[in-house]
Amino acid sequence: MGAKVKTIERKGSSLQERLYLIEIFKGMGRTFSHLWRNLLDNRKLYVRHYPEVQPEIPVRWRGRHRLTTHEDQSVKCVACYMCQTNCPANCIMIEAGERLDDKAEKMPVKFNIDLLECIYCGYCVEACPVDAIRMDTGIYSVTGNNRESFVLGLEELLATPGAFSDEEYKKGGA
Amino acid sequence: MSMLDYLMIAIRVAFSAFVPLCFVAVCVWMERRGAGYFQDRSGPNRAGIFGFRAAGLVQNLADGLKLAFKEDVISDHIKHKFFFVIAPIIVFFTAVVSFAVVPFADTLVLGGKSYIMQGIPIDLGILWFLALAGFSVYGIILAGWSSSNKYGILGSLRSAAQVISYEIPMGLAIVSLLVVYGTVNLNEMAQFQGKLLFGFIPMWGAILQPLGMVIFIIAAFAECNRTPFDLAEGESEIVAGFHVEYSAMKFAVFFMGEYVAMFASSAIIVTLFFGGYQIPFLATDTLIKFAKPVAFLLMVVLPIVMYFFTGWIKRSNVSHYPRENDPRVFEANIYIKCFWGLTVILELVLIAILLSASGGAAANIFVALLQICTLLLKVTMMIFVFIWVRWTLPRFRYDQLQKLGWQMLLPLALLNIFITSAVVVALS
Chain L
1 MGAKVKTIER KGSSLQERLY LIEIFKGMGR TFSHLWRNLL DNRKLYVRHY PEVQPEIPVR
61 WRGRHRLTTH EDQSVKCVAC YMCQTNCPAN CIMIEAGERL DDKAEKMPVK FNIDLLECIY
121 CGYCVEACPV DAIRMDTGIY SVTGNNRESF VLGLEELLAT PGAFSDEEYK KGGA
Chain Z
175 MSMLDYLMIA IRVAFSAFVP LCFVAVCVWM ERRGAGYFQD RSGPNRAGIF GFRAAGLVQN
235 LADGLKLAFK EDVISDHIKH KFFFVIAPII VFFTAVVSFA VVPFADTLVL GGKSYIMQGI
295 PIDLGILWFL ALAGFSVYGI ILAGWSSSNK YGILGSLRSA AQVISYEIPM GLAIVSLLVV
355 YGTVNLNEMA QFQGKLLFGF IPMWGAILQP LGMVIFIIAA FAECNRTPFD LAEGESEIVA
415 GFHVEYSAMK FAVFFMGEYV AMFASSAIIV TLFFGGYQIP FLATDTLIKF AKPVAFLLMV
475 VLPIVMYFFT GWIKRSNVSH YPRENDPRVF EANIYIKCFW GLTVILELVL IAILLSASGG
535 AAANIFVALL QICTLLLKVT MMIFVFIWVR WTLPRFRYDQ LQKLGWQMLL PLALLNIFIT
595 SAVVVALS
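Residue numbers (the working numbering), protein chains in the order written: chain L, 1 to 174; chain Z, 175 to 602.
None of these hints come from the bench; they were simulated from the model.
Be careful, since some hints might not be right.
To be verified - Quick list of in silico lysine to aspartate or glutamate cross-link-like pairs, EDC-like style, CA-CA up to 16 angstroms: (1) K76/L to D41/L; (2) K488/Z to D41/L; (3) K44/L to E521/Z.
To be verified - Stretches of chain Z that chain L covers, calculated by requiring three or more beta carbons in the stretch to come under 8 angstroms of a beta carbon on chain L: (4) 337-350; (5) 561-569.
Computed from a prediction, not measured in an experiment: that's the story for all the values here.
Heads up, the beta-carbon is just placed ideally off N, CA and C, and yes, glycines get one too.
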């Protein structure tokens with residue numbers, strides 16, 4: 001019973017409010033003050049001049065995916081299918097192959113992500129046991145001319161660098 | 175009929191036919207940029223020709239081109255193709271023609287002959303406007319019905335009910351005005367408003383009939399299907415209402431019809447209540463007598479206004495991010511040069527008037543031009559009010575709309591007639 005109950009006064013029943021016009025003029029005054037302020041100085045508009053001024057992307061932002069590598073540029077992914085199994089949108093298609101460099105038993109021969117299916121939920125990153133897939137590229141706009149160009153292959157995923165340093169990424173709590 | 179007669183007819187018809195059309199571009203621009211600025215965003219300002227954006231006016235051109243080249247779809251389920259096609263034409267045509275009776279200057283006397291400065295020189299005046307405003311709803315009803323679409327028919331039903339219920343308070347507000355002015359002729363009404371009340375207040379309809387003005391403006395908003403009365407196209411519940419099946423130029427004609435109707439009813443509101451073409455305290459006779467002092471005053475005021483205006487352009491038309499050799503500064507400098515060039519031309523015209531023989535045709539033409547500018551300025555301000563209200567008020571619910579029309583505006587309009595008649599009888 002200790003909850004505080006706040007009674008909100010119901011508005012709209014006094015004569016001044018029921019006359020409509022006075023309240024309408026008040027509202028028009030409010031909107032006009034915005035127009036006038038912006039007309040006098042259009043730097044006060046709450047807009048980002050987008051294509052020229054890019055938004056600042058925080059570390060925890062889930063951008064386009066990439067695959068990480070070991071120091072010797074070999075792929076970290078062990079083709080365990082955890083991300084593919086966990087993906088709610090079924091956008092990851094992995095084909096595993098034998099790995100010969102003694103880092104693990106398997107490695108992906110094909111690793112395709114269909115970005116048109118992807119919902120950027122980040123579950124693949126959460127599911128990965130070896131930190132092989134990350135969404136830290138900072139790429140938020142993906143464009144293409146046809147459907148096929150939205151399916152990313154292994155090379156493209158490996159080629160994209162991360163936008164942040166490892167320390168920053170770890171601090172970000174991923 | 176002399177050459178001058180034909181020329182005057184051509185000028186009048188051209189003015190009343192093309193000015194509303196030109197104002198469509200201005201209205202759309204004011205609406206979109208205004209909406210942006212009301213909501214603290216910038217509105218369409220990117221479209222440009224060779225980098226010249228003209229503050230976003232070029233966007234209209236882009237929109238027009240896009241609509242002209244789009245596929246004009248008439249679905250197979252539409253049985254009555256004739257009515258489907260003629261509906262937007264009715265809306266547009268009635269809107270344009272209803273402006274034809276608005277006088278844009280006082281009767282012009284040239285070479286001993288007087289010319290009534292309105293598109294169609296008839297005495298019907300306000301009755302013509304009422305008739306055509308009522309007729310434009312046929313276009314909306316036909317559009318909704320011939321679309322064979324439930325959203326379309328719902329939108330047109332709403333629109334029909336709305337226009338019928340707001341035509342009554344509008345007509346009654348006009349009745350009380352007619353009692354005051356004693357005429358239906360809009361030119362005579364405007365001349366009446368040139369007089370002064372108690373010798374120092376301009377005798378505008380807004381001062382003689384404040385209640386009538388409020389009722390008429392509310393009803394005019396409803397007639398134009400503008401917010402807060404735009405339930406006919408309430409996109410949240412009935413998609414787009416009566417024009418849901420229309421595409422390409424047929425949609426554009428509806429769209430232009432809406433803005434022309436807004437222009438026409440702004441002009442009617444200005445003529446009825448805000449003195450029409452009259453400049454406050456300067457009736458036509460006084461203006462002709464003092465044409466030279468007025469021209470001199472304009473010569474002085476014009477550069478001062480232009481100085482502040484160009485300063486504003488210079489401050490506003492810059493990029494808001496670091497940029498080398500900002501092209502927008504270059505653009506602004508060209509605009510400023512254009513405006514100063516315009517000022518020089520206007521100054522030369524004013525000098526010509528100052529040097530002309532007094533009492534001649536030059537003074538009469540100058541006064542007519544001044545009155546045209548006054549009317550257009552007032553109409554632009556009224557259009558701004560339309561836009562301002564649109565971006566301030568939310569849409570009415572349907573029952574609220576009918577309640578406002580029948581239970582509040584109708585009794586108020588009747589009350590206004592009684593009070594006005596009593597005062598007029600008591601004073602005469």
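Against the structure, the hints:
Distance check on the hinted pair: K76/L and D41/L sit about 53 angstroms apart at the alpha-carbon level, beyond 16 angstroms; violated. About 11 angstroms separates the Cα atoms of K488/Z and D41/L, which keeps this hinted pair within 16 angstroms; it holds. Restraint check for K44/L and E521/Z: the C-alpha separation of about 36 angstroms exceeds 16 angstroms, so the hint is violated. Under the rule that three or more residues need a Cβ within less than 8 angstroms of chain L, the assignment of the segment 337-350 of chain Z is violated, with 0 such residues.
Only when three residues or more bring their CB closer than 8 angstroms to a CB of chain L does the claim for the segment 561-569 of chain Z stand; here the count is 5, and the claim holds.
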